[in-house]
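Respectively, the protein sequence lines represent chains A and B. Numbers 1 to 705, taken from full-length UniProt numbering, label the letters of the first sequence in order. Numbers 1 to 308, taken from full-length UniProt numbering, label the letters of the second sequence in order.
Just so you know, the hints here were simulated from the structure itself, not pulled from any lab data. Treat the hints with caution; some may be incorrect.
BS3-like mimics (lysine-lysine), calculated; alpha carbons at most 27 Å apart, straight line [said to hold, decoys possible]:
(1) A:K283 <-> B:K294
(2) A:K588 <-> A:K576
(3) A:K628 <-> A:K642
(4) B:K73 <-> A:K330
(5) B:K294 <-> A:K139
Which bits of chain B does chain A cover? Going by a derived footprint, with three or more residues having C-beta under 8 Å, they are [claimed, not checked]:
(6) 86-100
(7) 112-118
(8) 123-130
(9) 145-158
(10) 165-174
Cβ coordinates follow ideal geometry from the N, Cα and C atoms, glycine included.
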Amino acid sequence: MPDLLLELFSEEIPARMQAQAADTLRKLVTDALVNRGLLYEGAKAFVTPRRLALAVHGLPGKQADQREEKKGPRVGAPEQALAGFLKSAGLASIDQAKIQSDPKKGDFYIAVVEKKGRPTAEVIAEVIPEVIRTFPWPKSMRWGTGSLRWVRPLHSILCTFGAEGDEPEVVTFEVEGITASNITRGHRFLAPAPFTVKRLDDWMAKLEAAKVVADRDRRKDIILNDAKDLALAAGLELVEDDGLLDEVCGLVEWPVVLMGAFEERFLDIPDEVIRATIRANQKCFVLKDPKTGRLANRFILISNLVATDGGAAIVAGNERVIRARLSDAKFFWDTDRANGLESRMPKFDHITFHEKLGTQAARIARIANLATIIAPQVGADPVLAEEAALIAKADLLTEVVGEFPELQGLMGRYYAQGEGMAAEVAAACEEHYKPQGPGDRTPTAPVSIAVALADKIDTLVGFWAIDEKPTGSKDPYALRRAALGVIRIILENGLRLKLSSLFADLAERLELPEVKGEFRYRTPGAATEEAADLLSFFADRLKVYLRENGARFDLVDAVFALPGQDDLFELVLRMKALARFLESEDGKTLLAGYRRAASILRIEEKKDGKAFKGPTSAALLKEEAEEKLAAAIDDVKEHLAKTIAAEDFEGAMTALSDLRAPVDAFFEAVTVNAEDAALRENRLKLLDEIRTATRAIADFDRIEG
Amino acid sequence: MIDPALPPHMRPDRSFQALLLTLQRFWADQGCVILQPYDMEVGAGTFHPATTLRALGPKPWKAAYVQPSRRPKDGRYGENPNRLQHYYQFQVILKPSPDNLQELYLKSLDAIGVDLKIHDVRFVEDDWESPTLGAWGLGWECWCDGMEVSQFTYFQQVAGFECAPVAGELTYGLERLAMYVQGVENVYDLNFNGREGAEKTSYGDVFLQAEQEYSRHNFEYADTDMLLEQFRMAEGACHKYLAAGDAGEKHLMALPAYDQCIKASHVFNLLDARGVISVTERQSYILRVRELAKACGAAWLKTAGGGA
């Protein structure tokens, strides 16, 4: 079975796009072949900075022949119908059609259309140009005078097809002036001369000889192993970094791993800053001293060249750049420590957080205030919480964070520690940003929790006040993430917070700045509305969060449907108890009884055009079953009130299950729609009492299944 | 390889000016028009009409030139070994971009003494965008042993118009490149004229005082009232010239109008360095300059140079 080899040779493909491009090429080409009836045994894509390639193994030499019968009009059909049939079937005259007899419909014409399978090479020549012209690069460009789009200028296309042992043929096609051939080139500097190749093994071997490792994973292995070996030889340990490895393997065709050094004096700088400096700017790895656990004054660089001087000039050049970068970093670090965090604070007076929300200074003051309010509710010392909130943003204006925004928080912690601030305050500087994403942990230290909640809630209440809420896919201020952060902090720490009063209180105190000479007065009551709206946003986010964590979405809805839900932790406890209850026999039966009651009520309420609301009149309870039910409802209500107040939701469910038997007995023995109108009304009111009782837990109407 | 016939003071690895002359010579050999710097303050070589405007329209164009570039905010009072508020860019523009542009670039490095057998040159993704010029392109920053020495861009859009044919642009940061080939750590230590001893003139001899004075000016004393007025006037004049030069199918004053766009852009940079522009205003200033650039680009396309 023949194989296809395709190589698209271009100028340097951005490293971050390479892996995806290889996958896409494999998928697009193999799908197109399969769609044309060409099944294959295997396919593998390759990518280097300068080439995107694909080998498809075990293709047939040609498509299978196809035979299709086309049904025509009946014999003796009008001229027009016959002509149409001949045209669609590609026949010259009706004599070429066969006649088929059908016992029911009579005789009709059949045309047998035979389609010869085309040679695979011909199909490939049709498929590849289409794939190239429509390739979905994240960003593509034109060059020279052409109109073809590729990620960077495309220089040549290699495309061969043939069985092992045979001389494979070059698949001939052309894309905007580039004609496919069997010619490629090796490493840009080490083996630039063109050469011809036959098939995959030949291509791999010749490329290897021409200093190109085509397989991305192999390049990664080489880099990782050589880097570890070099580290080991120096008595050090490589600080592994998958993201960086992914990137550097896309910057070289022939990885040559070298080690460089920097002056020991730079080790005064925190490890994270050294690493960020070396990684972000130079795409080099750092090394750890296993004895101290701290970084060593060495780094690993991945070059693309077997240099004639053994790499001395490359190492020296990289060392120079790293020295300059670390000098900057050290200068920043020293300056920041000399200045102190407190010195940054006045600058926040002049920094706008958001045009309509005022300065960062005003925001920090609000966060500090809110943190002191939250502190006692989460077991934190309010004095420490305020202190932490007041200093937690200071590192944003330090030199190091200006250079490496990803170190925000962490630098605050270092500086706060260095200045002898309380350990809780230092920790909060870093942890109040958490959780940053689904994979990030939530803070657990009370002071960090207080500041983290205050920070996020202030953001949310503020943007709600200026009506900048997330819409659809647009969430420029990451408000969904902020809300989810609050939710996770509350749930994972089992916190009890009345969110609505926190929101309303903050919204009430929010002072919006003058914008373009206009003071904006918020109408009285606006704060309350915003707080309510924000709470419903939280409800939505909580639903999403719970569903993602496997909760039944109908139960989330059912529990949320009750008014005044703002204690998230309690809500989740209630939902979980309800879920367990509904799985029990009592739960299932009670739900069935509830539905029967609700359904009768719905019908009768519609009929009478009014709602039936309890309480019932004791005098009208005639039957034993209805008396018992009424009594049971009273008992259950009382129990529910007690257990819910004690947050004993399991107890509440037990109480609810006491309704099951009386409800069943009631439907068994009592006709709701009695002749006597007063009796009927009283019984309908009794059904409503069932509904009301269950509402202490959830809106049972929303439960499905 | 450096031409061995060169006298020592003309070697690009010994003299800043020789580096510049070597690049000019190299690109002259490739058929480029060697222009002199544009006689206005610009933030980058790209602002020169020989790049911005000539990148638009169907006509082929090859040019190379040194452009003094001013970045008021990058001033460091002469105290930083790498940062300058005034520095030189060497700019090459080839339209249409030739197929061997990368090879030509590498040859130019070879010509100034970067031995490609021992130095690791890499093309690392870096897409270019100029919000003020309404321009973007794809390309790389070119690394030599981990140091960025040039920008390499295939222009896709300039002044809001598609570039067809596409121009290839190379920008060499001359000071950085010179520091590399001369092996010095501080820009002010660069040998400017290639002479030694009493005859030697360093980059510091030429520019240190200017860096100190202009840093003071840019950050502390630049007259912001005047600058705000100048911005307004340049913007007004640009519109005025565009309107006056508009002759229907043709435009008769695209270049003078574009000068005012350049002026507005530089004045904006100065205002920005003085810290008198708030974050939100900043965006609106950038948009105002972009509107000028777009209108000038549209006018240029109605001139002979623009292919009309």
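Status of the hints after comparison with the structure:
Among the hinted pairs, K283 (chain A) with K294 (chain B) is inconsistent with the structure: their alpha-carbon atoms are about 37 Å apart, more than 27 Å. Restraint check for K588 (chain A) and K576 (chain A): the C-alpha separation of about 16 Å stays at or below 27 Å, so the hint holds. The suggested pairing of K628 (chain A) with K642 (chain A) holds, with an alpha-carbon distance near 21 Å, which does not exceed 27 Å. Among the hinted pairs, K73 (chain B) with K330 (chain A) is consistent with the structure: their alpha-carbon atoms are about 22 Å apart, no more than 27 Å.
Of the supplied pair hints, the one linking K294 (chain B) and K139 (chain A) holds, its CA atoms being roughly 23 Å apart against a limit of 27 Å. Counting residues of the segment 86-100 of chain B whose CB falls under 8 Å from any CB of chain A gives 4; the rule of at least 3 is met. Counting residues of the segment 112-118 of chain B whose CB lies closer than 8 Å to any CB of chain A gives 4, which reaches the minimum of 3, so the coverage claim holds. Closer than 8 Å: that is the beta-carbon criterion, and the segment 123-130 of chain B has 4 residues meeting it against chain A, so the requirement of 3 holds.
A count of 5 residues in the segment 145-158 of chain B with a Cβ less than 8 Å from any Cβ of chain A is obtained; the coverage claim is therefore met, three being the minimum. With 3 residues having a Cβ less than 8 Å from any Cβ of chain A, the segment 165-174 of chain B passes the three-residue criterion, so the hint holds.
Hint violations for this structure: number 1 only, all remaining hints satisfied.
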